[in-house]
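Here the structure of chain B is known, so what remains is to put chain C in place on it, guided by the hints.
This is what each chain is made of:
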Amino acid sequence: MRRAFPILAVATLAFLGYAFYAAWFVAPTEQTMGNVQRIFYYHVPSAWTAFLLFFLNFVASVQYLLRPSEVGDKIGKAVALGIAALTCVGAFLIKPLPYELEPGAVATTGIMIAGIYFLVRGFFSERGTDILALVSAEVGVVFCTVVLVTGPLWARPVWGIWWTWDVRLTSTLVLWLIYVSYLMLRKLSTSGETPKLAAALAVFGALDMPLVYFSIWFFRTQHPQPVIGGGGSIDPRMLRVLLINWLAFLCFASLVCWLRFQLETMKRDVEETQALEALLEPGALR
Amino acid sequence: MNYLYAAYAAAWMIHGSYLGLMWKRYREVKRERDALSGGL
Chain B
14 MRRAFPILAV ATLAFLGYAF YAAWFVAPTE QTMGNVQRIF YYHVPSAWTA FLLFFLNFVA
74 SVQYLLRPSE VGDKIGKAVA LGIAALTCVG AFLIKPLPYE LEPGAVATTG IMIAGIYFLV
134 RGFFSERGTD ILALVSAEVG VVFCTVVLVT GPLWARPVWG IWWTWDVRLT STLVLWLIYV
194 SYLMLRKLST SGETPKLAAA LAVFGALDMP LVYFSIWFFR TQHPQPVIGG GGSIDPRMLR
254 VLLINWLAFL CFASLVCWLR FQLETMKRDV EETQALEALL EPGALR
Chain C
237 MNYLYAAYAA AWMIHGSYLG LMWKRYREVK RERDALSGGL
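Heads up: the protein sequence lines correspond to chains B and C, in order.
Each residue of the first sequence is one higher than the one before, counting from 14 in my numbering.
Each residue of the second sequence is one higher than the one before, counting from 237 in my numbering.
In short, the hints are calculated from the structure, not lab data.
This list has only true hints and no planted wrong ones.
With a cut-off of at most 25 Å between alpha-carbon atoms, the simulated DSS-like pairs for lysine-lysine come out as follows:
| no. | chain 1 | residue 1 | chain 2 | residue 2 |
| --- | --- | --- | --- | --- |
| 1 | B | Lys200 | C | Lys260 |
| 2 | B | Lys200 | B | Lys280 |
| 3 | C | Lys266 | B | Lys280 |
| 4 | B | Lys90 | B | Lys209 |
| 5 | B | Lys87 | B | Lys209 |
| 6 | B | Lys209 | B | Lys280 |
| 7 | C | Lys260 | B | Lys280 |
| 8 | C | Lys266 | B | Lys200 |
Chain B with its partners taken away, still in its complex shape (with noise of 0.2 Å):
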């Protein structure tokens, strides 16, 4: 892996520069808004890779939780199961689904849930678990200060405000102060219980993830209506620049975590070898 690095990373920002020129060059110019639009490219994609991340957060969290216990790791298996079968029956059983839902969507939603559940599960260690839970929340903060930026940088010529307390971008800001608590726990405590602490504050944070995810859908607000799914629509073109752009980020997003795990494992590495050498040789550490 680590000579493929090189390789990964030149790869990557050559994506992110195809996917910067497709935003600028490519894209169509909206008719109303003009090239501030364009600001979208950068926002919606980042807002996903957040999201994306949060929810990898909160299953590490949860498997960080469950797994110690023979009981709790059959019931997280159980639950990641049913969530998959509940999807699939239900999107194709309800017709029609609520909010104009497309059935293929809910359920590949589904089967995604279980398959990062049981992809974490056999990948990760209980150590494993812990250290992705720090760097998925400490890369989606990164990613969701972007969202918070770039919001009202698009807000200000196109609403004539920079930002209003309304559900979407209250509780974006809510959720954002979530993570930021929970890497500042992280840092800040000293206790041996705190990747517990942490990971029981992960699994109710992540609750805020459906409220700004859905708030736009169950509450009236200022913010745009969904451009996908949800009964929303938008230009061949665009989309095809705004998923060129979610695949770039991702990318990019998967690099930096990778280096993020590689540099917490030599961290940790390193602590419990200098607590190892204090114990066998106190005058090593002078």
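Relative to chain B, chain C alone:
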């Protein structure tokens, strides 16, 4: 158009700052690792 430039610049400044912070942390951890008597 200025808002568009500002948004793209801000997005990359945020990502750049985070990468810079990670690089700083890496150098600190590497220094600590090198200082270990037995090494890793």
